[in-house]
Amino acid sequence: MFSYKLNTVQQFTIILLVVALVSIGCFLLIDLISYKIVALILLVTVSLIAMLFDIAPVLFAAFISAITWDFFFIPPKFTLSIQSPEDILLFTMYFVIALIHAVLTYKIRQYDKLEQKREEKENTLSLYNTILNSLSHELRTPIATIIGATDNLQSGSKNLSENNKIELISEISNASLRLNRQVENLLNMSRLESGTYQLKMDWCDVCELVYNVVKKFKDLSKGHKIQIEISPLLPLCKIDSGLIEQVLYNLIQNAITYIPLEATIKIKASYKANQLTFVIEDDGPGFPENEISNVFDKFYRLKNTKAGGTGLGLSIVKGFIEAHKGNIILENKKESGAKFTINIPCEISNLKAIENE
Amino acid sequence: MNDQSILVIDDEAQIRKLLEITLESNSFKVNHAANGKEGLIIAANHPPDLILLDIGLPDQNGQEVLKQLREWYTKPIIMLSVQSDEANIVKALDNGANDYLVKPFRTGELVARIKSALRNSEGTIDQVIIKNKQLQIDLVGRVVKINDEVVKLTSTEYELLTLLAKNEGKVLTHQFLLRQIWGPGYIEQTQYLRVFIAQLRKKIELDPNLPDIILTESGIGYRFVSII
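Chains as they are written, first to last, in our numbering: chain X, 1 to 357; chain S, 1001 to 1228.
A couple of the hints might just be wrong.
Pairs of lysine to any residue, SDA-like flavour, derived with a Cα cap of 25 Å [stated by the list, open to error]: (1) X/Lys215 to S/Gly1108; (2) S/Lys1203 to X/Val214; (3) X/Lys215 to S/Glu1086; (4) X/Lys215 to S/Ala1165; (5) X/Lys165 to S/Gly1108; (6) S/Lys1075 to S/Leu1040; (7) X/Lys215 to S/Ser1218; (8) X/Lys266 to S/Ser1218; (9) X/Lys334 to X/Asn290; (10) X/Lys218 to S/Thr1107; (11) S/Lys1115 to S/Asp1011; (12) S/Lys1103 to X/Ile166; (13) S/Lys1091 to X/Tyr197; (14) X/Lys165 to S/Thr1107; (15) S/Lys1103 to X/Leu139; (16) X/Lys266 to S/Leu1206; (17) S/Lys1166 to X/Glu208; (18) S/Lys1145 to S/Leu1163; (19) X/Lys238 to S/Pro1184; (20) X/Lys325 to S/Gln1191; (21) S/Lys1152 to S/Leu1163; (22) S/Lys1029 to S/Pro1104; (23) X/Lys303 to X/Val183; (24) X/Lys216 to S/Leu1172; (25) S/Lys1037 to S/Asp1011; (26) S/Lys1067 to S/Arg1119; (27) X/Lys268 to S/Gln1191; (28) S/Lys1075 to S/Lys1115; (29) X/Lys225 to S/Leu1206; (30) X/Lys36 to X/Thr105; (31) X/Lys200 to S/Gln1180; (32) X/Lys238 to S/Phe1176; (33) X/Lys298 to X/Leu125; (34) X/Lys218 to S/Pro1208; (35) X/Lys216 to S/Asp1085; (36) S/Lys1202 to X/Cys207.
The set of hints was computed from the structure by calculation and includes no laboratory data.
Can you make the complete structure from the sequences, with help from the hints?
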């Protein structure tokens, strides 16, 4: 709607211009149309204005159009006086109709707005429900593990073998790491949703970044092979390395969660034509073809999947890449396996290694 | 290492308890304070050998407590932060903090950082030869060796390596390194630092992709480590 973009002064100016233009048009054609028709034309103008502008400018339109009509069209012309009783009646009616029109149109618009807000609210509510459902599951599972394991350790210690104790402790540790990861994801999501996140762009050694992320999985990957292919000549890129690190982390985490142990994850990075490209692929089973278009949706989880997850990981990936004005494509490979391709437009540094100083 | 005292300033009782148990089991004496004001009083009455200070305290900002402590307290201060809020961490390091840890941290890491900070504060920096894993630096002869073989470094690489090595265990911020090595006009030129660190790693690390001498602190700086 115009009223959001134009300030009040602009609205008044436009209304003056429109009414003036319409009046001049009618004035030139006065030989063809009667001045009573002019009233109708002006009424239509006021109605159109009412559809676009705020209430004060619209009332103003009703008022000046009535005056204009009286001054230029109702005989005697070029005076504000009206002589025939019929014209007085016409003028009064014009004025009242214009006002009612203006107010009613404005009210309808207000009502529309309210309706829209209500709908938005309903959507948000149903989204909240989805969030709560998946969160309470995702957060409560590790919490239940921790409570259960500590209960065992505190009370049943006589019957527990040393091995069992060690296992329980490692379960507590895993559960808290999982909790921590989910909280991290929630924080990231809220950073994205608030829309206030400022990218911290800085020069980044992409090769170092990738190895850094992969190193974090050293203890966590249960045996998956992770291969890295990056040209040593890849230049420094200007990106928000914190966000891109999170992107790669989530993609690898996702792969490790869903593909079988003996599968391999491959990570490639390259730079070509002002674009930094990452490819993260695996030779697992891939994604169900009919669900590929949904996997980046917030809180979407694959059907028939047992592994947990809030459905946030991939939507954060997409959000962070779009914050860089880049894009991500997911496809299944011909020979089975999933392939994520990320393109990020970015600046590179021409600074090369300096061997002789 | 025995009987060194540590003051923990953190508003969370659970964290204080955890730190107390962890540190006492490593034979440190532990005092604690639940807010900045109390912390400042305890630190003044019983000056500890090291302070663990939470960045987000209820009564005062941790940064403010840090500044007040640094007016007279010269021993190590390690900051604890809830999230990797890089700007705040860099600010604390600039305000005189020696190191930082992000909650949740592993207790092994905590103890290692504390020991390293205490070692540094004992003033072993006067040594002439720094040895670390495969690396050996002779500060008088300006000679760097890897597994007893001399490595040729450019003068900038050498300056960078020795600056990091002399502050073993301590994280040095990008801005600090750029100012010290290249000068005040270069503090925004992080690409110099990245290129030279990468170059240096190729010469001194066994696997430059998995460095274990010069570690990256993402968004903050670099750290020269001898023990992991």
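Hints and how they fare:
For the hint linking X/Lys215 to S/Gly1108, the alpha-carbon distance of about 18 Å falls within 25 Å, and the restraint holds. Of the pairs offered as hints, the one joining S/Lys1203 and X/Val214 holds, with about 22 Å between alpha carbons and a cut-off of 25 Å not exceeded. Restraint check: the Cα-Cα separation between X/Lys215 and S/Glu1086 comes to about 21 Å, which is no more than 25 Å; the hinted pair holds. A hinted pair counts as satisfied when its Cα atoms are at most 25 Å apart, and X/Lys215 with S/Ala1165 qualifies at roughly 24 Å.
Simply put, X/Lys165 and S/Gly1108 have alpha-carbon atoms about 20 Å apart, close enough for the 25 Å limit, and the pair holds. A hinted pair counts as satisfied when its Cα atoms are at most 25 Å apart, and S/Lys1075 with S/Leu1040 qualifies at roughly 14 Å. Note on X/Lys215 and S/Ser1218: the hinted pairing holds, with a Cα-Cα distance of about 13 Å set against a maximum of 25 Å. Straight-line distance between C-alpha atoms of X/Lys266 and S/Ser1218 comes to about 23 Å, which keeps the hinted pair within the 25 Å bound.
As the CA atoms of X/Lys334 and X/Asn290 are separated by approximately 16 Å, the hinted pair is consistent with the 25 Å bound. Restraint check for X/Lys218 and S/Thr1107: satisfied, since their Cα atoms lie roughly 19 Å apart, inside the 25 Å limit. In summary, the hint linking S/Lys1115 to S/Asp1011 is supported, as the alpha carbons are separated by about 24 Å, within the 25 Å threshold. Distance check on the hinted pair: S/Lys1103 and X/Ile166 sit about 24 Å apart at the alpha-carbon level, within 25 Å; holds.
About 20 Å separates the Cα atoms of S/Lys1091 and X/Tyr197, which keeps this hinted pair within 25 Å; it holds. Distance hint between X/Lys165 and S/Thr1107 is fulfilled; the C-alpha atoms sit about 20 Å from each other, no more than 25 Å. Our distance criterion of 25 Å between C-alpha atoms is met by S/Lys1103 and X/Leu139, whose separation comes to about 18 Å. For the hint pairing X/Lys266 with S/Leu1206, the CA-to-CA distance comes to about 23 Å; that is within 25 Å, so the pair holds.
Pair hint S/Lys1166 plus X/Glu208 holds up; C-alpha atoms about 24 Å apart against a cutoff of 25 Å. Annotation: proposed proximity of S/Lys1145 to S/Leu1163 holds, straight-line Cα distance about 16 Å (limit 25 Å). Between the alpha carbons of X/Lys238 and S/Pro1184 the distance comes to roughly 22 Å, so the proposed pair stays at or under 25 Å and holds. A C-alpha spacing of about 22 Å is found between X/Lys325 and S/Gln1191, which places the hinted pair at or below 25 Å, so the restraint holds.
The hinted pair formed by S/Lys1152 and S/Leu1163 meets the criterion: a straight-line CA distance of about 17 Å does not exceed 25 Å. Proximity of S/Lys1029 to S/Pro1104 is assessed by CA-CA distance (about 22 Å); at most 25 Å being required, the pair is judged to hold. Distance check on the hinted pair: X/Lys303 and X/Val183 sit about 24 Å apart at the alpha-carbon level, within 25 Å; holds. Distance check on the hinted pair: X/Lys216 and S/Leu1172 sit about 22 Å apart at the alpha-carbon level, within 25 Å; holds.
At most 25 Å may separate the alpha-carbon atoms for a hinted pair to count; S/Lys1037 and S/Asp1011 meet this at roughly 11 Å. Straight-line distance between C-alpha atoms of S/Lys1067 and S/Arg1119 comes to about 23 Å, which keeps the hinted pair within the 25 Å bound. For the hint pairing X/Lys268 with S/Gln1191, the CA-to-CA distance comes to about 22 Å; that is within 25 Å, so the pair holds. Only pairs whose Cα atoms come within 25 Å are accepted, and S/Lys1075 paired with S/Lys1115 is accepted, the gap being roughly 13 Å.
About 21 Å separates the Cα atoms of X/Lys225 and S/Leu1206, which keeps this hinted pair within 25 Å; it holds. For the proposed pair X/Lys36 and X/Thr105, the alpha carbon gap of about 23 Å is at most 25 Å, so the pair holds. Our distance criterion of 25 Å between C-alpha atoms is met by X/Lys200 and S/Gln1180, whose separation comes to about 23 Å. Annotation: proposed proximity of X/Lys238 to S/Phe1176 holds, straight-line Cα distance about 21 Å (limit 25 Å).
In summary, the hint linking X/Lys298 to X/Leu125 is supported, as the alpha carbons are separated by about 14 Å, within the 25 Å threshold. Our distance criterion of 25 Å between C-alpha atoms is met by X/Lys218 and S/Pro1208, whose separation comes to about 17 Å. For the hint linking X/Lys216 to S/Asp1085, the alpha-carbon distance of about 19 Å falls within 25 Å, and the restraint holds. The straight-line distance between the Cα atoms of S/Lys1202 and X/Cys207 is roughly 13 Å, inside the 25 Å bound, and the hint therefore holds.
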